[in-house]
Amino acid sequence: MTLGRTESVSSEPIEDRYTGPGLRVEQVSKIYSRRKYWLGPVSQMEALRCISFSVRPGETLGLLGPNGAGKTTLLKIISTLLYPTSGKVEFFGRNVYENPVWARKTTGLITCDERSFYVRLTARQNLAFFAVLFGVPKKTANQRIAELLDTLGLTDSADRPYQSYSSGMRQKMAIARGLLSEPRVALYDEPTRSLDPLSARNIRTWILSNRERWPEQVRILATNQLVEAEMLCDRILVLNRGSIIAHGTVRQIRERWDKRDYAIHRISCSNLLPDGIAAAPERGLISVDHEPVEDGCSVLKMCTRKNSGGLSFGLSAIIESGASVLQCHTDEAPFDEVFCSLLMSEAGDPS
Amino acid sequence: MRLAWAFFKRDAVTALSYRISFAVQLLGNLLVLGLIYFIGKTLGATPLPALQAYGGNFLAFLLIGVALTDCAGVSLLTFAREIREGQLTGTLEATLLSPVRLPAILICSSLWSYFFSAIRFILYLGIGAALYGVSLQHANVGAAAILFLLTVLCFMGVGILWAAVVMVVKRGDTIITTLGYAVLLLGGVLFPSAVLPAWLQKLAQLVPLKHALDGMRLALLVGTPFSELTGIVWKLVLFTAILLPAGFISFHIAIQRAKQNGSLTEF
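Residue numbers (this note's numbering), protein chains in the order written: chain A, 1 to 351; chain B, 1 to 267.
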């Protein structure tokens, strides 16, 4: 690995000559070496092990994993705050460690650290300061700050000192700072960690809307909120103890790691006789529950054994009874259930 | 320029927002002036041969000693304090995420402190001249300005070097305090270094503040022409040429090390 100190920044737009992934992480490993005491033995802790993946422009990659899995370490390596022990990171084909200044211009890291602002300065003063640091021209900066404050609902409190802000407002400030320079690579590190459900939902909706606003932006979202990953990410990468243990779309991961041997279906029917359908475990239909009739529709909740033909049997039984099937919805396994199943499989727990 | 102003404004707003602290700081500076006056008045009556080279006025000697040492002290402490505060508040990482190069961040983050230090320097001299009867009529202001600048640059190097140490050891208050006392002893801040034993005088040659004070006193109190100060100026240039790059290189290494071992935000 080369950790360059100098760099040549080409003025040539990268898009003109580059068509590869927006972000490529190649064989990145991170080992922390520490001495417990002066001249004592060196202990080593492997934080990341041979991590490789890439993200296309416009794509959002979710980083999931339990606490200590290496998500934040990986984001810090990508943003050049931390050097990997081996491997490399490229933005649009350029090694970030050989072009650190350019890389930092290209990146926005949205941390969940509430402390990283100047507490005596107002929100506007803080953002104006960081806008200068990120080289945003003054006119654009004022406009962008006003826009971000407005979008994040901070306009009314923009001239209050940062220290008077609540956790949620501070989190919004971190988001505003990270996106001030309209970075081509946005790294979100648990952006809704300390937010109440309503604020979290607003932030998620806003992040989602940014996909349209900056269609070429590369986004990585490290989160422990599985709903968030499901809602915002095109692909998921699951880390555990520094290694990638699963990689794919939410659907692929759900299909691969859903360990339930049953499925639950909600079927809306008309003209269904009460208790007209009964369970038939030998045919794969484990149970049938009749839910209260709504708007003249009967709703059946059927539990079937997976890949047993239980659903077909149940639907046939409904039709044979003279009723009509209006709608059939199969409940997916909650993603947190799938995620736990994945982690436990990784830990060698067959349950 | 915009970057420098952003840092200056950030620090000015922060400093002025602590109104009582700011007022007390000003009061403290006035008390120092009172202290200088009474020490000078008590001891100034007896002419010391060692002071003759600087015009013979102990009060004036002391005033310039304290004023310039204050400036050197700012250099020594500002950078390390900035780093330490940045580590404690998390702003260091946020600043290092920006594309601004490290030397620019360091220099810009010291501007307010230097500005305030320059104000204090002028205040000390102004009050000294107006109220204490310190004569600056023959002062070689141009030479004094050059010496002031060189002192700032030279101690900036030491300060950045020290910030690199703080980056690694996190807490080093005791080391810097001890170093500060050594500089006070050898630099000739409160008394002429000519009264030190010969071996300490030799050691004092390695302290840039000694040369800076010698030059500043000669320029301001005696009005020594620049041509006679070139020896001192060259010594300060040499110290600056060694210490400033050493500071930046050490700090760069400290940051690289912190990025390697993940200790950037440890405190």
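Source of the hints: derived by calculation from the structure; they are not laboratory data.
Do not take every clue at face value.
To be verified - Taking lysine-lysine pairs in the DSSO-like style, the calculated list, with each CA pair at most 27 angstroms apart, reads:
id: 1; chain 1: A; residue 1: Lys105; chain 2: B; residue 2: Lys9
id: 2; chain 1: A; residue 1: Lys138; chain 2: A; residue 2: Lys88
id: 3; chain 1: A; residue 1: Lys138; chain 2: B; residue 2: Lys9
id: 4; chain 1: A; residue 1: Lys139; chain 2: A; residue 2: Lys88
id: 5; chain 1: A; residue 1: Lys259; chain 2: A; residue 2: Lys301
id: 6; chain 1: A; residue 1: Lys36; chain 2: B; residue 2: Lys235
id: 7; chain 1: A; residue 1: Lys139; chain 2: B; residue 2: Lys9
id: 8; chain 1: A; residue 1: Lys88; chain 2: B; residue 2: Lys259
id: 9; chain 1: A; residue 1: Lys105; chain 2: B; residue 2: Lys235
id: 10; chain 1: B; residue 1: Lys259; chain 2: A; residue 2: Lys36
id: 11; chain 1: A; residue 1: Lys105; chain 2: A; residue 2: Lys88
id: 12; chain 1: B; residue 1: Lys235; chain 2: B; residue 2: Lys170
id: 13; chain 1: B; residue 1: Lys170; chain 2: B; residue 2: Lys202
id: 14; chain 1: A; residue 1: Lys139; chain 2: A; residue 2: Lys105
Unchecked claim - Pulled from the structure, derived: some chain A residues nowhere near chain B, Cβ distances all over 12 angstroms:
id: 15; residue: Tyr83
id: 16; residue: Thr205
id: 17; residue: Pro215
id: 18; residue: Met231
Owing to the predicted nature of the structure, the values given are computational and were not obtained by experimental measurement.
Glycine is no exception: its CB is placed at the ideal position from the N, C-alpha and C atoms.
Tested hints:
1. This hinted pair checks out: lysine 105 (chain A) and lysine 9 (chain B) have alpha carbons roughly 23 angstroms apart, not beyond 27 angstroms.
2. With a C-alpha separation of about 34 angstroms, the suggested pair lysine 138 (chain A) and lysine 88 (chain A) falls outside the 27 angstroms cut-off, and the hint is violated.
3. Using a Cα cut-off of 27 angstroms, the hinted pair lysine 138 (chain A) and lysine 9 (chain B) holds, with the two alpha carbons roughly 15 angstroms apart.
4. Restraint check for lysine 139 (chain A) and lysine 88 (chain A): not satisfied, since their Cα atoms lie roughly 36 angstroms apart, outside the 27 angstroms limit.
5. With a C-alpha separation of about 20 angstroms, the suggested pair lysine 259 (chain A) and lysine 301 (chain A) falls inside the 27 angstroms cut-off, and the hint holds.
6. Under the criterion of a C-alpha separation no larger than 27 angstroms, the hint pairing lysine 36 (chain A) with lysine 235 (chain B) is inconsistent with the structure, at around 43 angstroms.
7. Our distance criterion of 27 angstroms between C-alpha atoms is met by lysine 139 (chain A) and lysine 9 (chain B), whose separation comes to about 18 angstroms.
8. Among the hinted pairs, lysine 88 (chain A) with lysine 259 (chain B) is consistent with the structure: their alpha-carbon atoms are about 15 angstroms apart, no more than 27 angstroms.
9. For the given pair, lysine 105 (chain A) sits about 41 angstroms from lysine 235 (chain B) by alpha-carbon distance, which is inconsistent with the 27 angstroms threshold.
10. For the hint pairing lysine 259 (chain B) with lysine 36 (chain A), the CA-to-CA distance comes to about 19 angstroms; that is within 27 angstroms, so the pair holds.
11. Restraint check: the Cα-Cα separation between lysine 105 (chain A) and lysine 88 (chain A) comes to about 18 angstroms, which is no more than 27 angstroms; the hinted pair holds.
12. Only pairs whose Cα atoms come within 27 angstroms are accepted, and lysine 235 (chain B) paired with lysine 170 (chain B) is rejected, the gap being roughly 32 angstroms.
13. The hinted pair formed by lysine 170 (chain B) and lysine 202 (chain B) fails the criterion: a straight-line CA distance of about 33 angstroms is larger than 27 angstroms.
14. Between lysine 139 (chain A) and lysine 105 (chain A), the direct Cα distance comes to roughly 18 angstroms. Compliance with the 27 angstroms bound is thereby established for this hinted pair.
15. For tyrosine 83 (chain A), the condition that its CB be more than 12 angstroms from all CB atoms of chain B is violated, with the nearest at approximately 5 angstroms.
16. Distance check on threonine 205 (chain A): its Cβ is at least 26 angstroms (rounded) from any Cβ of chain B, clearing the 12 angstroms threshold; non-interface status holds.
17. Chain B leaves proline 215 (chain A) outside its interface by the beta-carbon criterion, the shortest separation being 24 angstroms against a cut-off of 12 angstroms.
18. Chain B leaves methionine 231 (chain A) outside its interface by the beta-carbon criterion, the shortest separation being 26 angstroms against a cut-off of 12 angstroms.
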